[in-house]
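All chains, please: the whole structure from these sequences, using the hints.
So the sequence lines, in the order shown, correspond to chains A and B. Position one of the first sequence corresponds to residue 1 (this note's numbering), numbered consecutively onward. Position one of the second sequence corresponds to residue 1 (this note's numbering), numbered consecutively onward.
Any given hint could turn out to be false.
[As the list claims (entries may be wrong)] Straight-line distance between alpha carbons at most 35 angstroms, and here's what the computed DSBU-like set of lysine-lysine pairs gives:
1) Lys228/A - Lys114/B
2) Lys154/B - Lys322/A
3) Lys92/A - Lys271/A
4) Lys151/A - Lys271/A
5) Lys142/B - Lys114/B
6) Lys271/A - Lys156/B
7) Lys250/A - Lys142/B
8) Lys118/A - Lys59/A
9) Lys437/B - Lys423/B
10) Lys156/B - Lys140/A
11) Lys114/B - Lys271/A
12) Lys79/A - Lys24/A
13) Lys271/A - Lys313/A
14) Lys127/A - Lys486/B
15) Lys228/A - Lys211/B
16) Lys140/A - Lys24/A
17) Lys486/B - Lys228/A
18) Lys97/A - Lys118/A
19) Lys154/B - Lys250/A
20) Lys127/A - Lys151/A
Keep in mind the hints are simulated off the structure, nothing from the lab.
These are the residues of each chain, in order.
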Amino acid sequence: MKKEGEIRIPSGCAIAGVFAKDGKNINGGLIVRAMTTMHERSNGLGGGFAGYGIYPQYKDLYALHVFYDNMTARSECEKFIDEMFEIVNLSKIPIRKSPKITDEPLIWRYFVTPHQNKLADSQLDEKEYMVRCVIRINTKYTGSYVFSCGKNMGVFKAVGYPEDVGEFYRLDEYEGYSWTAHGRYPTNTPGWWGGAHPFSMLDYSIVHNGEISSYDANRRFIEMFGYKCTLLTDTEVITYIIDFLLRHEKLTLEETAAVIAAPFWDTIERKTPDEAARYKYLRNVFSSLLITGPFSILLGFEGGMMALNDRLKLRSMVVGEKGDMTYFASEECAIRMMEPNVDNLWSPRGGEPVIVRLNGGVNHGN
Amino acid sequence: MAIDFLYPEFEVVRDQSRCIACRVCERQCANEVHSYDEDLKLMVSDESRCVNCHRCVSLCPTRALKIIKSPHTFRENANWTQDAIQEVYRQANSGAVLLSSMGNPKQFPVYWDKILINASQVTNPSIDPLREPMETRVFLGKKPTNITRDQNGKIKTDLPPQLELELPILFSAMSYGSISYNAHESLARAAVEMGTYYNTGEGGLHKDFYKYGAHTIVQVASGRFGVHKDYLEQGAAIEIKMGQGAKPGIGGHLPGTKITGDVSATRMIPEGTDAISPAPHHDIYSIEDLRQLVYSLKEATEYKKPIIVKVAAVHNIAAIASGIARSGADIIAIDGFRGGTGAAPTRIRDNVGIPIELALASVDQRLREEGIRNEVSLIAGGSIRNSADVVKAIALGADAVYIATGALLALGCHLCRTCQTGKCNWGIATQRPDLVKRLNPDIGCRRLINLLTAWEHEIKEFMGGMGINSIESLKGNRLMLRGVGKKKKELSILGIAHAGE
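Written out as structure tokens, the structure reads:
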């Protein structure tokens with residue numbers, strides 16, 4: 001059986017998210033409980049979480065979460081990490097053994113910062129340096145896989161049902177202002193931990209439900225810009241697209257949404273001439289980054305979260321608010337599990353981003 | 001008459017019990033096949049003149065006529081085929097290069113027919129184009145990814161010049177001269193109506209058609225026929241023709257018999273002279289020279305029009321395209337070896353160039369590997385025969401396709417491949433006024449619109465089936481394609497997996 005990266009595996013899924021605009025700490029257990037209600041949307045072949053604000057003691061360091069197949073892979077990869085970064089702290093990620101989660105790889109965590117001389121030599125900015133190093137490990141170091149590399153955030157994922165994965169990683173011992181979660185229903189059975197979601201790059205993490213039909217058009221375009229799609233999953237390519245648009249092209253979140261879930265031409269034509277010109281420009285210049293086919297995604301990033309559906313809304317996604325808290329989920333039941341008495345609850349329209357930020361109001365899109 | 005060893009290729013079969021001797025066939029045949037025998041009181045035929053264009057068959061009111069391939073044969077020989085033998089006879093008779101028209105008719109693989117398209121099942125929904133929006137709009141031109149903003153932080157929307165197409169199909173270059181006034185008018189009006197473009201070819205632009213300029217691509221070829229400032233300014237884009245799929249490596253050839261009145265004026269050459277454009281552009285002997293011509297044309301038109309460079313698909317096409325992409329061109333048009341022509345040396349047509357499917361796939365891949373795919377748009381042509389070919393071309397990586405033979409078929413062409421004689425009975429590839437008027441531009445335009453509309457519907461059905469609701473998500477989406485019955489090497493060049501993989 002081919003594993004992820006050797007074959008393209010579509011999957012259906014459940015996603016959920018929670019965000020505290022006032023920055024207050026939310027216990028990881030909350031999001032794990034939310035996922036239990038959507039158990040039927042996963043099939044036990046992948047679950048995962050991303051938490052933001054969880055490493056306040058190391059908030060200025062990049063947290064590398066790495067899967068190793070064996071000790072040889074680990075020692076090879078650690079040589080590289082040691083060469084490229086100053087390692088401030090390293091340890092195994094604490095886990096709680098459970099019969100529901102088996103065959104775990106070695107799971108290590110490093111808090112690092114780039115070696116300043118290496119960084120200067122590379123003539124790259126720090127983030128680009130990080131990205132290239134991570135892609136290098138994931139493509140060149142067999143048996144090593146970096147699945148999280150942002151600052152003050154971390155991804156936790158495994159093969160299993162999401163609630164079991166949350167238990168395994170002891171998420172009830174983490175606190176952060178923002179959490180996303182994913183339960184996977186792949187149409188094939190790779191059983192590889194790296195293939196579970198969220199997928200992340202720097203502080204961007206994506207959980208995604210859907211199967212995009214534009215995959216190869218997107219992949220072949222984004223690979224022109226130094227990315228290498230090794231997993232052949234939708235989530236991976238969506239993450240790279242978002243990283244490219246936000247970090248390289250410096251688009252706003254709204255503009256990014258207008259590229260990947262572009263409004264239809266007849267919608268654009270109804271806008272003011274100025275706005276129409278901008279939408280047309282974005283659709284034209286980034287035409288190969290339009291994502292078609294069903295998707296609902298939650299993009300986590302430092303200080304915020306964006307929810308977005310494909311432009312036809314071919315996947316469910318519900319948003320609820322209660323005070324400074326915003327909840328997102330594939331199904332309302334998951335929101336009710338986190339907060340039974342939400343102030344309001346709605347289903348965002350296709351292509352309409354819902355953006356929340358720390359200490360900012362909820363942006364209902366355009 | 002001296003013996004020429006040539007026996008007619010076709011037989012004209014006339015059912016005398018149906019023939020009413022109305023003599024329509026006689027009047028309709030510019031090749032003078034049919035005549036009325038006063039003594040016999042019967043219609044008779046000289047089949048040696050027949051080119052099998054079906055004009056008489058189509059117009060015979062009693063359906064008394066059919067044209068069949070002559071069963072007369074040489075002794076069978078797998079090596080010396082009938083064509084091979086007859087071509088020797090012909091050249092021994094004339095001492096001349098053999099001339100033909102339209103695209104390469106030989107038995108080479110048609111890769112389109114070995115590629116299959118995907119559709120959604122279960123894990124994602126197909127989209128119904130009758131009930132949901134389905135977008136086919138395409139922009140051709142450079143797409144630089146360096147966003148700039150004004151002082152308010154709004155994105156500046158200036159872009160290098162773009163062509164905007166409502167569907168990814170353009171009419172390819174066919175010169176006024178090689179085809180008729182009415183054929184050009186049909187193409188121009190259909191392009192306007194469908195929100196796409198037609199292409200003047202290398203024969204200049206008739207003044208009457210300046211009004212369609214916004215939907216016209218004006219061509220600059222090595223002969224520079226009909227090229228002047230007004231001409232360049234009329235077009236929505238300018239195409240530098242470096243080569244043509246039907247005859248890579250050689251120039252155009254329009255026989256003097258077709259250089260009449262307006263054709264002569266439009267080309268700016270004397271009536272009756274052969275219009276032979278040089279094999280190379282004599283100001284382009286290398287890639288740096290191409291850059292100069294590209295920028296000369298941009299200067300002349302104030303950088304308002306995209307420049308297309310059209311090349312024939314030849315062995316080193318990926319490197320050539322990469323060079324063109326770096327020479328300032330906005331769009332590259334690649335013409336495969338099956339592309340048509342009004343006149344080409346038979347040997348060249350049948351033996352030079354490579355299939356568009358392979359050329360397109362390798363160019364798109366190469367430009368991506370070099371990170372310059374966004375510097376140019378790609379148009380693939382020669383030959384795109386139907387909407388499935390269009391979908392496959394786009395999924396291989398084309399931004400749009402050129403069609404020409406298909407467009408002529410819509411106008412009534414029967415692919416008899418004798419355009420070079422100038423006696424087209426369908427009023428398409430001729431300048432004889434009595435023949436030209438047989439093509440009614442109102443009807444011609446309508447038929448072209450019908451063709452493109454039908455293809456557009458089919459393209460949308462294909463897209464919907466794949467769960468794609470905008471054509472840009474199909475571009476270069478090779479995962480949507482699978483090959484059948486092709487070798488590993490061929491599939492690797494096409495960049496697609498085998499069916500079942």
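Hints, verified against the model:
1. Using a Cα cut-off of 35 angstroms, the hinted pair Lys228/A and Lys114/B holds, with the two alpha carbons roughly 29 angstroms apart.
2. The suggested pairing of Lys154/B with Lys322/A holds, with an alpha-carbon distance near 33 angstroms, which does not exceed 35 angstroms.
3. The hinted pair formed by Lys92/A and Lys271/A fails the criterion: a straight-line CA distance of about 53 angstroms is larger than 35 angstroms.
4. For the proposed pair Lys151/A and Lys271/A, the alpha carbon gap of about 39 angstroms is over 35 angstroms, so the pair is violated.
5. This hinted pair checks out: Lys142/B and Lys114/B have alpha carbons roughly 32 angstroms apart, not beyond 35 angstroms.
6. A distance of roughly 17 angstroms separates the Cα atoms of Lys271/A and Lys156/B; the hinted pair therefore holds under the 35 angstroms criterion.
7. With a C-alpha separation of about 20 angstroms, the suggested pairing of Lys250/A with Lys142/B holds against the 35 angstroms cut-off.
8. Annotation: proposed proximity of Lys118/A to Lys59/A holds, straight-line Cα distance about 22 angstroms (limit 35 angstroms).
9. Distance hint between Lys437/B and Lys423/B is fulfilled; the C-alpha atoms sit about 13 angstroms from each other, no more than 35 angstroms.
10. Simply put, Lys156/B and Lys140/A have alpha-carbon atoms about 40 angstroms apart, too far for the 35 angstroms limit, and the pair is violated.
11. At roughly 44 angstroms between alpha-carbon atoms, Lys114/B and Lys271/A are farther apart than 35 angstroms, so this suggested pair is violated.
12. The straight-line distance between the Cα atoms of Lys79/A and Lys24/A is roughly 38 angstroms, outside the 35 angstroms bound, and the hint therefore fails.
13. In summary, the hint linking Lys271/A to Lys313/A is supported, as the alpha carbons are separated by about 21 angstroms, within the 35 angstroms threshold.
14. A distance of roughly 44 angstroms separates the Cα atoms of Lys127/A and Lys486/B; the hinted pair therefore is violated under the 35 angstroms criterion.
15. A hinted pair counts as satisfied when its Cα atoms are at most 35 angstroms apart, and Lys228/A with Lys211/B does not qualify at roughly 49 angstroms.
16. For the given pair, Lys140/A sits about 40 angstroms from Lys24/A by alpha-carbon distance, which is inconsistent with the 35 angstroms threshold.
17. About 28 angstroms separates the Cα atoms of Lys486/B and Lys228/A, which keeps this hinted pair within 35 angstroms; it holds.
18. For a cut-off of 35 angstroms, the pair hint linking Lys97/A to Lys118/A is broken: about 39 angstroms separates their Cα positions.
19. The suggested pairing of Lys154/B with Lys250/A holds, with an alpha-carbon distance near 12 angstroms, which does not exceed 35 angstroms.
20. Under the criterion of a C-alpha separation no larger than 35 angstroms, the hint pairing Lys127/A with Lys151/A is consistent with the structure, at around 11 angstroms.
Hints 3, 4, 10, 11, 12, 14, 15, 16 and 18 from the earlier list are contradicted by this structure; the remaining hints agree with it.
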